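Engineer: Those protein sequence lines, which keep their order, are chains A and B. Using our numbering, you'd call the opening residue of the first sequence number 1 and step up by one each time. Using our numbering, you'd call the opening residue of the second sequence number 1 and step up by one each time.
Quick caveat, the hints were computed from the structure, so don't treat them as lab data. Note that the structure is a prediction, hence the values are computed from the model and not measured. It is possible that part of the hints are untrue.
Derived Cβ-Cβ restraints for the label pairs, each shown as a range [stated by the list, open to error]:
#, chain 1, residue 1, chain 2, residue 2, range
1, B, E271, A, R7, 45 to 51 Å
2, B, A398, A, F350, 22 to 28 Å
3, B, A398, A, A137, 37 to 43 Å
Heads up, the beta-carbon is just placed ideally off N, CA and C, and yes, glycines get one too.
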Amino acid sequence: MKLRLIRRDSASRLAMFAAPVLALVLTCLASLVLFAALGKDAGAALHALLLKPFLSWYSFSEVLLKMAPLLLIAQGLAIGFRANVFNIGAEGQFIVGALCASALPVYFPDGDFPMMLPAMIAFGALGGMVYALIAAALRTRFGASEILVTLMMALIAVQILNYLLLGPWKDPRGFNFPQTVMFPDNAMLPILFDGTRTNISLIFALLASVFAYLMMQHHFRGYQLRTAGLAPRAALYAGFSAPKMVWLGLGLGGLAAGIAGASEVAGPLGQLQRSVTSGYGYAAIIVAYVGGLNPLGIIASSFLISVIYIGGDSATVSAGLPVAAVEVFQGLLLFFYLMTFTLIRYRIEFDRKVPA
Amino acid sequence: MSQPALLRLSKVSKRYGTVQANKEIDLEVHSGSIHAVLGENGAGKSTLMKLIYGVEQPDAGHIYWNGQEVHLARPSDAQVLGIGMVFQHFSLFETLSVVQNVSLMIPGKPAELAQQIADLGDQFGLSVDPHAMVHRLSVGERQRVEIIRCLLLNPKLLILDEPTSVLPPQSVRRLFETLRKLQADGMAILFISHKLDEIRELCDTASVLRGGEVTGRVDPREHDARSLAQLMIGREMPNVAHVAPRPPGEERLRLNALSHPRASRFGTTLEGIDLKLRSGEIVGIAGISGNGQQELAALISGETRAQEPGMIEIMGKKVGHLGPMARRKLGFAFVPEERLGRGAVPEMSLADNSLLTAHGRSMLSRGFIRRSVERAFTRECIETFDVRTPGPDAEAGAMSGGNLQKFILGREIMLNPDVMLVSQPTWGVDIGAATAIRRRLLDMRDQGCAILVISEEMDELFEICSKLHVLHKGHLSPALDAAETTPQEIGRYMIGAAT
């Protein structure tokens with residue numbers, strides 16, 4: 001007997017709703033076995049991983065806090081990915097965005113700069129965009145792969161961050177820790193809900209989602225980007241400029257990552273420190289693809305991945321799970337999700353015929 | 001016939017998803033016979049051959065070889081029995097020599113193989129230099145290499161899939177002589193084609209396929225082309241109404257000593273191409289694909305920029321430096337030879353594919369797509385050009401080649417172009433759709449459009465063009481008056497015997 005995947009004529013609605021549920025069930029079954037083999041209380045572990053994020057308002061607000069940068073960066077990246085422009089160095093653009101935004105409070109630590117916060121966000125956006133556009137220039141001028149260039153530029157960004165934190169921007173009263181001064185109040189993003197750390201960067205991310213949706217699904221520019229990605233020769237035939245797609249794809253990706261970087265230092269961190277390199281830029285790639293590169297799908301996927309992160313943190317603390325086990329759980333969930341996701345577009349057929 | 005058939009198919013069926021590609025097909029092929037499998041594009045010919053050659057397995061039915069039932073799980077099973085196949089698209093490595101290509105499939109020392117290749121060449125008129133590099137060979141020679149490679153396995157049945165579609169007339173003659181020699185040698189040959197005259201000349205039996213079923217078994221020598229066509233498409237052959245063209249008007253496209261270096265080793269360098277195209281005329285460019293057709297089309301459309309603006313003039317303007325969008329604004333339209341991935345985006349709906357080139361037809365408002373206009377345009381195109389599809393939301397990739405071609409041609413015609421370039425208009429398109437497409441082109445001409453057609457199908461060019469050029473190795477022949485020249489003369493240009 002042979003199993004075969006046959007492409008459906010149109011996407012199955014039933015599978016669309018059943019897929020996430022099935023993925024969750026399969027993940028739970030697999031991890032029950034895994035946690036039991038580790039000698040841990042599997043029930044408590046699953047409780048911490050999946051339910052804790054929803055059980056207290058504070059945990060849930062932490063999910064929203066994590067979701068904001070993931071959503072923002074992923075929306076920007078997906079625009080490029082749709083056009084086959086593979087910016088995988090959003091982490092670098094995120095860091096440069098954080099650096100550029102931090103310059104203002106570092107040089108005006110008393111906050112005596114007009115429009116401090118908007119200026120920081122603008123600096124961050126601009127910095128992230130310009131940093132990404134270096135890769136666009138190299139690609140359109142010399143044909144250098146933007147995959148390699150953006151990735152290497154991310155490594156460079158980390159070293160610039162280290163230099164600034166260990167040298168000129170180090171807080172003189174910071175006991176030699178590699179971090180800047182704490183930002184003044186007017187350099188901080190307003191909190192969205194009292195008593196939590198969730199700030200208005202979530203609004204930025206949702207606005208970016210609306211923008212991405214309108215552009216990619218309803219605007220001619222988005223149509224050109226999609227055409228360039230799906231059928232580059234058709235884009236050439238229609239006369240859509242290929243370099244323009246590269247500039248646009250990388251520019252918007254860098255812009256979004258830059259805003260996210262600025263929001264990180266002006267939000268939960270409150271200063272520029274090494275931990276700003278938290279891997280949001282890389283995680284956002286997964287978020288974009290799990291969301292099917294669709295602006296609405298990405299809203300859902302960024303929420304899902306944030307839940308997994310927050311649940312994972314709590315599981316290591318309360319259920320005593322090793323970090324590696326949490327990572328395996330996260331991997332399993334993604335794995336099963338992608339597997340069941342296939343069923344939306346494909347159906348399984350059993351080949352009963354026995355070959356001679 | 002007393003002895004059992006060499007190959008017999010009994011009620012063989014195959015379906016892909018919702019498409020019934022073959023339905024209860026019965027077929028008998030005898031040794032020493034050239035058996036035609038005749039059918040339109042999409043009639044199920046290729047699927048049937050894949051079942052016989054073991055590339056695919058039937059869902060139901062039986063295959064008998066010399067009276068014994070066989071199961072062919074893979075092509076090597078078929079080869080062991082003695083079935084050889086020459087595919088429409090050659091599978092040769094261009095960077096290797098003939099012997100090296102052959103030795104990839106046939107065991108043996110290169111020197112011995114070279115001798116065998118030469119011997120077979122002498123015996124069956126398949127002469128080819130065993131040590132020549134494949135990329136230097138002409139299309140006819142490459143096909144001979146493919147046939148020799150099959151013959152080295154001593155097949156009893158040889159399958160040829162549309163073997164003449166890529167050959168100039170002179171090479172077709174040679175191929176037929178070879179096939180007759182093989183037939184006299186006792187070999188069975190399955191000859192797949194939709195060219196009725198060839199089948200009538202060469203084959204002694206014909207099985208006609210339509211919609212996945214065998215609709216007739218005839219001796220093609222006893223039928224005229226018209227009645228064969230009727231069997232094949234199931235209705236009267238549509239006629240192309242010939243209206244005498246009016247004298248052509250003003251010049252709309254001009255190539256001035258257009259030269260362009262090839263982009264890769266396997267491309268073609270174009271040298272000193274001169275051409276004039278006027279309003280109300282159709283000019284044809286004949287020649288075998290791979291002689292610069294793709295390069296020339298991309299230069300005229302703007303997908304490749306010319307080296308100097310003045311090399312190409314559209315509507316009296318120098319456009320060599322302009323891109324496709326700027327040239328379209330001047331009234332230029334283009335139907336490329338690749339429909340999927342170039343003329344249309346397979347994953348997008350037909351409506352979204354209208355947007356590809358027709359976005360200037362008030363489909364945008366401040367850059368936002370006006371879905372209602374887009375859909376109305378698409379619906380009109382579907383109705384006017386008889387595109388068989390569920391509607392504007394159907395994905396382009398799900399359509400048959402002929403229907404998609406009708407859609408793309410319709411879309412470009414609805415742009416009301418002053419100059420149109422159509423590349424291989426009826427490649428892989430069934431007879432009914434091909435006739436409709438040609439009639440559209442003639443209508444366009446009568447309305448004053450200037451049309452340049454690049455095609456491998458010589459009959460087609462003679463049918464609709466008033467002037468013909470031949471493109472051979474990047475050189476364009478002078479213009480020949482279609483009424484005065486002959487296929488033989490065109491053929492001489494195609495193989496470089498005349499310049």
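Engineer: Against this structure, judge whether each hint is valid.
Structural biologist: Results of checking the hints against the structure:
Distance hint for E271 of chain B and R7 of chain A: a CB-CB separation of about 46 Å, consistent with the stated range 45 to 51 Å. At about 25 Å, the CB distance of A398 of chain B to F350 of chain A agrees with the hint of 22 to 28 Å. About 40 Å separates the C-beta atoms of A398 of chain B and A137 of chain A, a value consistent with the hinted range of 37 to 43 Å.
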